[in-house]
Amino acid sequence: MKKKLLYAGVFCMLVTGFLSSSKAHAQSDPSGKKRITDTYAITNATVFTAPGEKGTKATVLIKNGVIQGVGSNITLPKEAKTIAGDSLFIYPAFIAGASDVGITKPKDPERPEDFVSSNPPDEIAGITPWRSAVDQFSIKDGKIDELRKTGFAIVQITPDGGMLAGKTAIVLLGNEHSTNLLMENTALAASFNGSRGMYPGTAVGVMAKFREVYDNAVLTSQRAQKYTTVTGLKRPEITPTYSAMQEVITSQIPVLFSASSELEIRRAISLQKEKGFKLILTNLVEYEGALDVVKSSGVGVLVKLEIPDDKALKAQKEDASDEAKLLYTRVKEAYDKALAQAGKLEEAGIPFAFTTVGVKSGDILKTLRKMIANGLSEKAALAALTTNAADILGINKVAGSIEKGKMANLILSADSLFAEDAQIKHMIVDGYLYDYETKTKKKASKEDKGEGSVKIEGNWDYTSESPAGSSGGVLTIKKDGADFTGTITYDDPSGSGMATATIQNVALDGSNLSFSFDVSANGMEITVDVSGEVSEGSYDATMTVGEFGSFPFKGTLNPTLTANK
Amino acid sequence: MKKTTYFLAALLGLSIQFASAQVKKGSVLIKNATVLTITEGVLENSDVLVQDGTIKKVGQNLSAPNGVTTVDATGKYLMPGIIDAHSHLGLDVINEATSPIVAEVRMKDVVNPYDVGIYRALAGGVTISHAMHGSANVIGGQNATLKHRWGSTDPADIIMQDAPRTIKFALGENPTRVHGRGNGIQPRTRMGVEAILRNGFNEAVQYKKSWDEYNSASSQKNSSALPPVHNERLQILSDILEGKIIIHCHSYRADEIYMLINVARDFDITKLVFQHTNEGFKVAPEIAKYTMGASVFADWWAYKFEVYYSTAYNAAILTENGAITSINSDDAELIRHLYHEAAKTQRYGGMTDEQALAMITINPAKQLGISDKVGSIEEGKQADLVIFEGHPLSSYAVPQMTFVDGVKYFDIKEDADDQRLKVSPTEMVEPVTIADDHNDRCMQDTEHLFETTNSLFLLNQ
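Respectively, the protein sequence lines represent chains H and E. So the first sequence is numbered by numbering that gives the first Met the number 0: it starts at 0 and just counts up by one. So the second sequence is numbered by numbering that gives the first Met the number 0: it starts at 0 and just counts up by one.
Read the hints as simulated data drawn from the structure, not as lab findings. Worth double-checking, as some hints may not be accurate.
To be verified - As a list, the in silico DMTMM-like pairs of lysine to aspartate or glutamate whose alpha-carbon atoms are at most 20 Å apart:
1. 421(E) / 335(H)
2. 30(E) / 71(E)
3. 336(H) / 309(H)
4. 316(H) / 71(E)
5. 324(H) / 429(E)
Since the structure is predicted, the reported quantities are computational estimates derived from the model, not experimental observations.
Produce the entire structure from the sequences given, and follow the hints as far as they go.
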């Protein structure tokens, strides 16, 4: 009972204010998980304090989740746990301007009995500005660690939903026992997504409805004001939608509008000009053509941290007709332009940050390197991930750079951050230390086992674990000249039974076997990547399912069926 | 003093707004053409001088001012840019099909200047198209009149900003199928369609009244009047009643056409154009007397039950009865040869050259409320022009150059093959086909609304 109360107390403290240290835990520690100290010193590391700064050898001391000092003459307290940083590169941890990490889609509300598709209740039509991302967020989500592993410490979480999905919040990717909440109600997430089969169903309906909701929020506040001063008036009708819109119409918080294309960007900016709200554009994918309006409107910009796939380019055939070759040339031009876009944004002098909504965490560092190779400066890339993001989110007093008094959010990398083989060795988030395995490059051959000893051809029975439960099937691999081909069966996501897919990009590197296959679910094509170690007929691998996360994948080679030639 | 500064500021503000929406305007001298003016006869061996987007002079032996290019059109025909009164080109969304009335939606919000169909229309001599909302609703959204300024990337630059507002209405099978049979709400029948219209307008009258009352009360001292709830939908209906918006109504059968004429008369609405108007020939005198005419297909019909009682003489009968008549495409392919479509009225109905060409120029201009600006070759009008090899009503006619505001946007000899402004980096290269099948884009994106109907239909099979 006493313990329960105590927890409740701690919980309240965390919700209402910034995190203090965990001194409130006066209890003993039966789980043995409590950390020994919250003071760390990373000594003699190469520290990059802010974008554009040169790396200098220094020691970073942190305590209570706050940076206590950076420099070479720091006296380390006795309780400091020391991490030898001689071979480490320290950067301020990344901040995502928007993210869906840890967010679970809320259940669709039930349709009322008198439901009319032409005039549905707001909640069903995707108009839920009162919802908060905090209610949809779980720090225990497996995707949190994946994003943290790529360098992120702070994200603005956006709620899942329709045209006015709800309020965003800024959270830390920190300790599981904290709410990790930094700021609530930071923006209203909006999009051009209509509701299927009801009003508003399309972008054109959404724009009309947005205007209506906005105008009526303004009128409702006028009525409410009058009602408080004059007696004998009709009671103003206060709805959750209009109440939740107040912070938007008074410009206390911005609208975080998802606009992926040039035309959507123009549409969002035209609404903003018409109504005068504060605007941050997010989810920008194709934006080069709108740089002038983006710049002149001065709105915040969050670019999707992704580059287009090159499937179309790779599909080009050697023996294509001349006409097709010309068409491919244009696709190639478009592809190159897409890679260079972030650099163009920098060139135009528009400060921007990134959104990771819908982005596969595992690809992020690769994407950044691609952007840098195509014209984005390292300084601008780091600024987008740190200081610009902190500016756009309004948290630059506490985050974005490594300096005394800021939150202890650090990347400890084994190499300079954007180098080809850079790997993040540790993350410090909110003063908590996270260790990650770094892989050393495979040696050419393993001592006693020759190349030929790893046998992968045949039928593998596999099982995989995911939040949806355990499932399995048969993976068949055949040798085809120098390459491998094959198929995989899996539980058909669209119903009962098994589906079969061809596996692609089968590669055996030493004992590491990797391959991928495409699954279509709910009209979406998802690429599943599997990679892991083979040893004596068993396969211990990780399966990455699109942006949904990574899960264990284990296989055993079935000896009775290997004669299948 | 204060007042003047305010006035100046307002003026400056205005001019800045105009400047930001400024579009390209060109100058050109077209020499020695057979000029089909539409409104002022045919002028042989004549010149047309365009300066800053406007037709400056039509005559003979004109010389080009300094810096103005000359185009030799000897042996060629020059006609005003073709105007299509019913199109869905350049729109990212066509139907907000979810409610019987969606007057509040604006097609101008979803104009897409990258639609390559715009260039293809230019190649067919079409300089202006009426980008309409679809026909899934009794009262659809507000349309956009587009000028085909190919290459513009700002949607505002292809919208004809000086064109009056228009709105889409639809009668008959489409709205009753989507709402009545698809969703189980009114309207399920043609009677329901009329009820939706009358109820809508009556509500708009009430709505207008409540705002008028509030506005006059709130201007009084110490007013305690509370503002009514804003309803853009009823506001637009109220604008229709005040004559600020031209109705363009999708219609097929004579009974429904006559119904809407009666509704319009009851509510004192005169700005009304019928679209498709398949049985217009049965009520041609009424259309002529009470409306701004009809826009029809030359000979496209029988694609659903209500479009069976049809005749290729429709346009001619309407014209002879005095109704303003235009020929439209409603289709990205048909829009490329509207001059052929117009020529069909000569085979079926014996229209003169002038009558036939008027159906794709000055008549649609009248129906869109822009005939004072475009639709004929007259001094002072906007220089939207097409040069044809062969008479435009000949089977062998081929457009050579198309100008909008004096700027050349199509040249059959000079233009590169691939005219797309933008290509997706992830777009698979597919074998090139010349034309797609006809798609009735009027009902695009509404297919899911018919699921119930379709399954019922299959049950009864």
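Need the list of violated hint numbers for this structure, in ascending order. When the structure is compared with the hints, only number 4 turns out to be violated.
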